[in-house]
Amino acid sequence: MFSQTKQGSQSDFRKRDLLYLAPLWLLSLIAPDPYLYHKKEFKKKDFYYLGAICLAPLIWSDSHFHHLMVLAGIYAILALGLSLFIGYAGQISLGHAAFFGIGAYTTAILTTRYALPSFLAFLASALSAAVIAYLVGRPILKLKGYFLALATLGFGEIFLVIVRESTDLTGGVIGIFGIPWFSVMGFSFDTYLKQYYLIWGVLIGLFIFSKNLVRSKVGRATLAVAASEDAASSVGINVPRMKLQIFVLGAAFAGLAGSLFACIMSTANPEAFSLGFTVLIVMMVILGGAGNLYGPVAGAILLTWLMDFLSKYQEYSLPIYGVILTLLLIFFPDGIGTRLNVRLIYLIGYWAKKKKRDEGKL
Amino acid sequence: MPLLSIEEITKEYDGIRALDRVSLNVERGSIKGLIGPNGAGKSTLFHLITGVEKPDSGKISFKERDITSMEPHEISSLGIGRTFQTLQIWGNMTVVENVMVGMNRRLKGNLFSCGLWLPWIGRSEKEALGQAKEILNSLGLLGKWESMASQLPYGKQKLLELGRSLAMRPELLLLDEPASGLTLTEIRQLSEQISKINHEGMTVFVVEHHMGMVMEIANQIAVLHNGKLIAEGTPESIKTNPEVIEAYLTRHTPPHHIPLPPGGEGKGEGVRQKNDA
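From first to last, the protein sequence lines stand for chains A and B. Heads up: the first sequence runs through residues 1 to 362, numbered per the working numbering. Heads up: the second sequence runs through residues 1 to 277, numbered per the working numbering.
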């Protein structure tokens, strides 16, 4: 699902290499300040992030960058919802790709078969993902730890099988094609730049929603459930209900992300929602730092960028990918979010210098 | 009518009777102490009151409502606050947030109104912050309101746990060994706090090993031994009750018990010394 555009000439290649600095720069801005880690109000810094996100595609007006950031934005929405469940409620879900898939298929079916406007399909996707999450979550969330992980994993696999087998509804292995561009009131998001603003607009909206949630009584109750369920119920918090709410919310986020994904890729097929994809999203959350909301966004940008960067090394990409992830987890055990700012700025400086030196020698 | 009444409660674990037809009443506005040697069934009784476990038979009622088969969060919502034997604070939150969670039930807002930060959410949050700071102030923790709860020393964490249950504005406060692990000064502070909140009208039911503290603060004491209620009365009558002294002196020790060195401290030692004195 990652674009593998082949570069034409040697000089093009250089230019494009530099382009990879753009997401890194954004990442360094988005990564939370460790000293503000526990302050939950909106800060001046948040407006800088906002500015950076708005300006970035205008400064790097390369459609490849735009496309990359569109993907990163979609993954970030997904990771944001999951981080509420993993990082705040302290649970684990390995079936999140299924909700992403439910969102994508809902949009695909509603827009291609019933010609529903994509905006309505977008809302319907969130709703259908949430309803299914509610039905699945009610029994499943009684489990804890590994058992919950396994149950959600099983749910994801069941979803895949259903999608593959019910050919009439979902198109089976081939999937559904020809999903129209996302459009609102006749305005169609048909370029990567427009899509960038669409996705990041939705992401920012959901981010603000999540941040409000986290700094309110709901967020505190969620953290309480994660730390000690006994203590949480001793102050009157309905623990199962709390978990279910966050699970459903995360699923609704995933449904929205899936809907946007279907519109932008104009296709929905089961390959996109496999276990590997769930693991990728969980990696984004953990790599970014599960205990804050900036982390998953940073993680999504980082991993999207990393995979695209590695795609030019073809068959070596997977081992390199694995090594990099391992190193990141060793050096940033609590997510890149916490210590990234300092380290990354240092890293970029070092890289830029080295690049200059190498080019001077050549 | 008592605030909390326990009638003929029995609980068995694998054939062992942890509680054997225990009946107890906690009167409104009093401080009731519950003592007994290790394994007497004190913690079990607390678990049954708070709904963590269900009794095999018997009935527990609070404010004349049967709470025997209710879920823990329902029971606490009715107005029963508690602290835990093993400290249960939320280390992933700041001190003031710990207290604010205690108010959760009283605060307005649900998933959507909080996420959209509708006008009244901001107001009620501000109000809650003010109230939480007041509670922290009365406990002497206001200086650290913004630091993470896990960074507080143990004694302060105990106070914070008390503060959290006070934030619920419960009618009955269950304290499970509040003095364990505290220094003498801290115990004195804690006793003062408990007496103070009792004066403000809260009913307190306390399980404690630290005899001095219970004798000092409680107006009524019940003694459990091997799952049976062996005595109930004022601190003075309990101190001189031969059955109680007997229970504390002839504690059942398992065969593999390693004898303590002379002067070693057992949990029941307090009573013996008190009687000697």
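There may be inaccurate statements among the hints.
[Unchecked claim] In silico SDA-like pairs for lysine to any residue, Cα to Cα no more than 20 Å straight-line: (1) A:K144 x B:E71; (2) B:K156 x A:A227; (3) A:K142 x B:E71; (4) B:K54 x A:A227; (5) B:K108 x A:K142.
To be clear, the hints were calculated from the coordinates, so they are not data collected in a lab. All values derive from a computational prediction rather than experimental measurement.
Hint check:
no.: 1; hint: A:K144 x B:E71; verdict: holds, 19 Å
no.: 2; hint: B:K156 x A:A227; verdict: holds, 18 Å
no.: 3; hint: A:K142 x B:E71; verdict: holds, 14 Å
no.: 4; hint: B:K54 x A:A227; verdict: violated, 24 Å
no.: 5; hint: B:K108 x A:K142; verdict: violated, 27 Å
Of the hints listed earlier, those the structure fails to meet are numbers 4 and 5, in rising order.
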